[in-house]
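FYI, the numbering used here numbers position 327 of the sequence shown as 332, with every residue one higher than the one before it.
Please keep in mind that the hints were generated in silico from the structure rather than gathered at the bench. Glycine included, C-beta positions come from ideal geometry on N, C-alpha and C. Honestly, I wouldn't trust all of these hints.
What the hints assert, rightly or not - Taking CB as the label site, the calculated pair distances span: (1) N439 to A42: 51 to 59 Å; (2) F176 to L242: 18 to 26 Å; (3) I223 to W124: 44 to 52 Å; (4) S324 to I409: 38 to 46 Å; (5) W124 to G169: 58 to 66 Å.
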Amino acid sequence: MEHGKLKRTLKTSDLVIFGLVFMIPLAPAGMYGVYLAPSGGMVALCYLIGMVAMFFTGMSYRVMSQKFPTAGSVYVYVQKGVSPSLGFLTGWAILLDYFLMPATVVIIGSVYGNALIPWIPAWIWILLFISFSTVINVLGVDLMSKCSWILFALQIVVIVAFIGCIIRLLFNGTIHFNMISFYNPEQFDLSSILKATGIVILSYLGYDAISTLAEETINPEKSVGKAIILSILIIGLIFIATTFFAGMAYPNYQDLNPDTAFTDVVTFVGGTWLNILTTITLIVSFGIATTQASQVAVARVLFAMGRDGVLPKQLAYVSEKTQSPVVATVLVGIIITPISLFCSLDFITSIVSFGALLGFILLNIAVISRFLLKNNEPISLGKKIINYGICPIIGLAVTVWIFINLDTNAHLIGAIWLLVGFLYLAVVTKFFNNPVPQLELN
6 MEHGKLKRTL KTSDLVIFGL VFMIPLAPAG MYGVYLAPSG GMVALCYLIG
56 MVAMFFTGMS YRVMSQKFPT AGSVYVYVQK GVSPSLGFLT GWAILLDYFL
106 MPATVVIIGS VYGNALIPWI PAWIWILLFI SFSTVINVLG VDLMSKCSWI
156 LFALQIVVIV AFIGCIIRLL FNGTIHFNMI SFYNPEQFDL SSILKATGIV
206 ILSYLGYDAI STLAEETINP EKSVGKAIIL SILIIGLIFI ATTFFAGMAY
256 PNYQDLNPDT AFTDVVTFVG GTWLNILTTI TLIVSFGIAT TQASQVAVAR
306 VLFAMGRDGV LPKQLAYVSE KTQSPVVATV LVGIIITPIS LFCSLDFITS
356 IVSFGALLGF ILLNIAVISR FLLKNNEPIS LGKKIINYGI CPIIGLAVTV
406 WIFINLDTNA HLIGAIWLLV GFLYLAVVTK FFNNPVPQLE LN
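Between the sequences and the hints, there should be enough to build the whole structure, so can you do that?
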């Protein structure tokens, strides 16, 4: 199989929408009840802190995407910033996250689908979602991008309708303005807020996937980094606005069922019609939109690693007709199907963040290593300290803190996954007697 080239058609706006769809604007609807108790009802405050914290790692992605605009994302960044061996293990780690993410959203989408139409079992929803996403992604990134725009717009319509209903209730006096979701003096405790932020901040994972589309982007040196920062800020504002108005509409969060908290608030402010619209949107958001986006991301990392020769080179095959990595895309669909069908959602969600957070940690280290300690390019001392020192150090501190507090399952499964990757690398390099294959950049 020959290694073709990916098609450069995406603009900055396409990348931003891709990142937003990956992070799911309606994500608070699924997890709002889980966040309420730990945060003391101050979910919007936790999202605000999380947005600021993730901004610093986003800046590290911006730095690396300008220097290394390739589909390999953090795999290439760490490879070039620290060492090829660590780069491979970083890519291997991120694959765990990228394989589990589509399985996670497919399962959640199937749960909502089965709840709406009980006579269609969850396993049929799973197969439909994966099949549809695989076909769309095989047909090319252009079609995937158009679908992302449509599905993003649908989520925004629901959010605007939700907020609009709350504003209507404010004007007619049914509910009263309050800032409970930002500051609740009866419940405020800084330690609890920081712990809750450690949970809420996981909603921001996914913006990194934008960097996997670098080789399909027009002017990636500028567009990728810009899109990453914009997606973090925009999704943060969406999360904050949604949870702020939800908290305003129903300040007595203790009365809500954690499993159905957001949909209960939706029904309270908008009635059954808004609840049904929200449920339908959640089905397509999780089952189709984010499944497509996450499948695209992992396929591009597989493509890059196959092209380098650290994984089978067949993964780097690009269709001449659709200019998409067909083998890698289909393989992702095949792998996530049994994971989605036979693994429980609780198990997957307990480990899904391991790879992404480890990748963030090593990315920030790579920026410090490559540009703060070794860089000789002409740049002002102040800019160097901020971009290559302060930002990655803060990003590193935040991600290490979250990583340490992951579920025990995440550390155990993640360690086993890394061990398998290390053994595979040992075989590929004949027990490290040969150099690790890597991408040669002109």
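Going through the hints against the structure:
1. N439 to A42: 51 to 59 Å: Distance hint for N439, A42 holds at roughly 53 Å.
2. F176 to L242: 18 to 26 Å: holds, 23 Å
3. I223 to W124: 44 to 52 Å: Holds, since I223 and W124 (Cβ atoms, about 46 Å apart) stay within the stated range.
4. S324 to I409: 38 to 46 Å: holds, 43 Å
5. W124 to G169: 58 to 66 Å: Violated - the Cβ-Cβ distance for W124 and G169, about 33 Å, lies outside 58 to 66 Å.
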